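Colleague: Two chains, two separate frames, one set of hints: put the complex together.
Each protein sequence line maps, in turn, to chains A and B.
Going by the numbering used here, the letters in the first sequence line up with residues 1 to 219, in that order.
Going by the numbering used here, the letters in the second sequence line up with residues 220 to 462, in that order.
If you're looking for bench data, these hints aren't it; they were derived computationally from the structure.
Treat the hints loosely; a few may be bogus.
[As the list claims (entries may be wrong)] With a straight-line Cα cutoff of 20 Å, these simulated SDA-like cross-link-like pairs (lysine to any residue) come out: (1) A:K144 with B:H398; (2) B:K394 with A:N107; (3) A:K183 with A:L137; (4) A:K90 with B:M332; (5) A:K90 with B:S406; (6) A:K174 with A:L208; (7) A:K90 with B:G381; (8) A:K90 with B:I370; (9) B:K392 with A:E95; (10) B:K410 with A:L137; (11) B:K392 with A:G109; (12) A:K118 with A:G188; (13) A:K90 with B:V375.
Note that the structure is predicted; figures quoted are calculated from it, not measured.
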Amino acid sequence: MAYIELENVSFCYPGQSRPVLREINLSILNKGVTAITGANGSGKTTLSKLLTGILLPTKGRIKLNGQLLTSLTLTQIGRQIGYVFQNPDKQLFCETVEEEIAFGVRNLGLPPDQAAQKVREVMDYFELTRHAQAYPLSLSAGEKRRLALAAVFALEPGLLLLDEPTTGLDPYRKKLLGDYLDKMLAAGRGVVLISHDQKFINRYATRLMGLQDGQFIEE
Amino acid sequence: MTGLDPRTKIVIIICLSTLAVFLNEPWPLLLLFVFTLVVLLLMRINFFRMAMRFKKLLPLLLLMLIIQSVFTAGGEVMFSFQGVHILTTNGIHSSLCILFRLLTFFSSAMIIMTSNSKDYVLALVQLKIPYEIAFMVLVALRFLPVFIEEIRDTLVAMQLRGIDLQRIPWRHKIKFYTHLFAPLLSSVMLKAHQLAITMEARAFRIYRRRTYLRLLQYRVADYVVMGFFVIATIAVLTRGFLY
Ligand SMILES: Nc1ncnc2c1ncn2[C@@H]1O[C@H](COP(=O)(O)OP(=O)(O)O)[C@@H](O)[C@H]1O
Ligand SMILES: [Mg+2]
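One chain only, chain B, in its complex shape (with noise of 0.2 Å):
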C-alpha cells in the first residue's frame, strides 16, 4: 500500500472523510475509525506518534466534547443538578460521534504525508487542474516550513531581548505575539517578489503547453484500491435507502 499513486491516496481521504460526515451513529463511526488505522497499518504510518505531536490540542478536544454533552438534551437522563439535565443519553451519544469523527478526520489526513509534494503537484496537474495553480500549491507547501522556522528565530531575539515569553501574563502576550507579523508579512512579500523574478528568468509560462519529466501511472493496484473504496462507500451512504 505505500506504493500506491498520489492519486489513488486523494481518493481514500475523500471517502473516508465524506463517510466520516455522514455517518450519525457512535459504533459505525468507531468501526470506519478503527477501519481507517488499519489503512494507516497497511501504509506503515505510526498514527500514534503522529498523534503524540498534537497532543497540545488535547485539552482543547475535551471541552469541545464536554460543551457538546452537556448542552444536547433528550434521551434518558442520565445526572441531573437541581432539575437542570446535565448529562444525557443524547449528549453522551452525540460527543462520541464527533470524537470518532474527528479521529477519522485526522488520522485520514495523515495519508498525505506518504507522498512528497512534488507527486502532489503531478496528480493536479494530471486531474486537468492549471499548471498554475498546482504550482502555487507546491509553492505554499515550500515556504510553509520556511515561514515557521522564521517565526522561531523572531521569538528567539525577542527572549534574547529580555522578554520572557513563559512568565508575562496571557494579555501582554498577545501584545507579542503580534510582533511576530511584521517580519513574517515583509519576508513574505521579499520572497514573492523574488520568486516572480526567478520564475520569469526561468521561463515560467513562456510556451503553452507543459511537458513533465516523470509522469504518474495508475497501476493494478490503484484500480482496485480505488474501486474498492469508491464503491464500499457509495454502499455504505446509500444502504439506508436500499432498506
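Chain A extracted, bound-state conformation (with noise of 0.2 Å):
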C-alpha cells in the first residue's frame, strides 16, 4: 500500500493567482529512494510542506498511511514522516546537540534510561557524538545538515523527507549522507530526496520524477 497518497492536489499561496502545483496524483511508497528534481522555484519544497501538513492543498487530498493528513496533527506526521527542511538551521532550537536528538526522542514515551541510551545511540551512528555539548548553530553547514537529520531520524519515522539535502557537502559528506541513505533503507525505511544534484540522483534514486510547470512527468 502507498505510504502517501496525493490525489489531484493543487496548490497555489494566498494572494497569488497563478499555482504552484496542479491536480498531482501522485503516490509514494516507504521503499526505495524517490527523488523529485526541477529548475528553482518549481515548488519542490512547496510539495513537501504539503507531504507534512505544514500547508494545506487549495484542492485535492492527501493520505498518510490511509488516513486524511488534515485529520492528523503535526505531532502525529512527525512521527510517521521525517522532514529535514531546506535550510535547517530553522528546525534547530535546542541549547546543545544533544538536547537537539533528546527532544524528540523523550516524546517517545520510553523510560528514561531506554532514551538516554538512544539518544547516545543516534549520536553515534551519526558521528555527532564528538559534538555533544556543542551549541547546534554553531556547528558546520554540513553538520547542522546531518544533526537536523538525526534529530528527525530519533523519532524513527517510516519514511524520510529531505528537501536538498546534499547543498553546501563537501563529496566526502555527500558520501556520507548516502551512507546514511542505504542504512536506512535497509532498515526498511523508504526516502524522498529532493534535489537537482544530478551525480547523487543517479547514484542512489530507484525512481525519478520531474515537477515542470506544476505537474510532474516522471522519468
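Modeller: Below you can see the structure in the form of C-alpha cells.
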C-alpha cells in the first residue's frame, strides 16, 4: 500500500493567481529512494510542505497511511515522516547537540534509561558524539544538516523527506549522507529526496520524478 | 483621501490620538471614534475586517473594562453585593471612556498602513530626521515579517518532533516557548551582521549628503487636510479655556 497518496492536489499561495502545483496525483512508497527534481522555484519545497501538513492543499487531498492528512496533527505526522528542511537552521532550537536529539526522543514515551541509550546511539550513528555539548547553530553547514537529520531520524519515521540535502556538502560528506540513505533503506524505511544534484540522484534514486509547470513527469 | 502625503497621515494620527488622550467624557470620545471611522472610510480602509484579525485580544479588553468599572468608586450605586459597591455610574463612565479611547487609537493607527514603508522613511528624512535613524526604522519594518516567519518555522519543527502545543498545559508551554528565542536571536545577529557588511559594500554613508530619487511633495489637499485637523484639534482642546 502507498505510504503517501496525493489525489488531484493543487496548491496556490494566498494572494497569488498562478498555482504552484496543479492536479497532482502521486503515490509514494516507504521503500526505495524517490527523487524529485525541478528548476528553482518549480515548487519542490512547497510540495514537501504539503506532504508534511505544514501547508494545506487548496484542492484535492493527501492521505498518509490511509488517513487524511487534515485529520492528523503535526505531532502525529512527525512520527511518520521525518522532514529535514531545506534550511536546517530553522529546525534546530535547543542549546546543545545532545539536547537537540533528546528533544524528540523524550516525546516517544520511553523509560529514561532507554531514552538516554537511544540518544547515545543516534549520536554515535551520525558521528555527532564529538559535538555533543556544542551549540547546534555554531556547527558547520554539513554538521547542521547531519544533526537535523539525526534529530528527525531519532523519532523512527517510516519515511524520510529531505529537501536539497546535498547543498553545501563536500564530496566526502555527500558520500556519508549516501551511506545513511543506504542504511535507512536497509532498515526498511523509504526516502524522498528533493535535489538537483544529478550525480547524487543517479547514484541513489530508485525512482525519478521531474516537477515542471506545476505537474509531474516520471522519468 | 487615499493619495495623501505620508506626513499628512502622520499629522492626522497625532491629532486623533492627542484628542483621544485629552478627552475625558464618553460622548465626545464616542463621537471621536465615529469620526475616525469616517476618516478610515474615506481612505478606503475596512475597519471591521482589520479588527477581526485582532479578535483574540477581545477577552483581554473585556477583562480590562470589567476591572476598570468594578474598581472605580463614586457616583450612584447601581449594583452592590453585601455592602460592597460593585457597579457605580462612575465605573461605567470610566470604562466607556477607556473603550472608546482604545478603539480610536487602534483605528487611527490603521491609517499608517495605507502608505508603504519606503514612503515613511522619505517622510522622516524630509522631516529632518537623520537618514541613519530613518533607515533603521525601514530595516525594522522590513525584517519584522521575516522574523515572524522564522518563529513560525521553529514552532512547526517543534511540533514535527513530537510536541503538541495545543495539548500540553500552560506552565509547560512557557518552557517550550523559550526554545523559540535562541534561533531567533542567532538569526537576528546573523542578519544584522550580514546587512552591515552589505551596506558597507554598497557605500552606505560614503558621502555626507544623500540625494533621493523621489521627493515627497505636499499638494493642496495635504495643506487643507492638515490645517483642518490641527485647527480642529486645537479648537477642541482649548474650548475648556475659552468658556
Ligand atoms: N511563502 C510563500 N509565499 C508566496 N509564494 C511563495 C512562498 N514560498 C514559495 N513561494 C513561491 O512558490 C514557488 C515555488 O517555490 P518553492 O516551492 O520554494 O520552489 P523550489 O523549492 O522548487 O525551489 C516560487 O515561485 C516561490 O516564489
Ligand atoms: Mg526549495
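Colleague: Decide, hint by hint, whether the structure agrees.
Modeller: Structure-based check of all given hints:
Of the supplied pair hints, the one linking K144 of chain A and H398 of chain B holds, its CA atoms being roughly 17 Å apart against a limit of 20 Å. Between the alpha carbons of K394 of chain B and N107 of chain A the distance comes to roughly 15 Å, so the proposed pair stays at or under 20 Å and holds. Distance restraint check for K183 of chain A and L137 of chain A: the Cα-Cα separation of roughly 26 Å exceeds the 20 Å cut-off, and the hinted pair is therefore not satisfied. A distance of roughly 30 Å separates the Cα atoms of K90 of chain A and M332 of chain B; the hinted pair therefore is violated under the 20 Å criterion.
Note on K90 of chain A and S406 of chain B: the hinted pairing holds, with a Cα-Cα distance of about 9 Å set against a maximum of 20 Å. This hinted pair checks out: K174 of chain A and L208 of chain A have alpha carbons roughly 19 Å apart, not beyond 20 Å. Of the pairs offered as hints, the one joining K90 of chain A and G381 of chain B holds, with about 16 Å between alpha carbons and a cut-off of 20 Å not exceeded. Restraint check for K90 of chain A and I370 of chain B: the C-alpha separation of about 9 Å stays at or below 20 Å, so the hint holds.
Restraint check for K392 of chain B and E95 of chain A: satisfied, since their Cα atoms lie roughly 17 Å apart, inside the 20 Å limit. Between K410 of chain B and L137 of chain A, the direct Cα distance comes to roughly 14 Å. Compliance with the 20 Å bound is thereby established for this hinted pair. The hinted pair formed by K392 of chain B and G109 of chain A meets the criterion: a straight-line CA distance of about 18 Å does not exceed 20 Å. With a C-alpha separation of about 19 Å, the suggested pairing of K118 of chain A with G188 of chain A holds against the 20 Å cut-off.
Under the criterion of a C-alpha separation no larger than 20 Å, the hint pairing K90 of chain A with V375 of chain B is consistent with the structure, at around 10 Å.
Against the hints set out earlier in the document, violations occur for numbers 3, 4.
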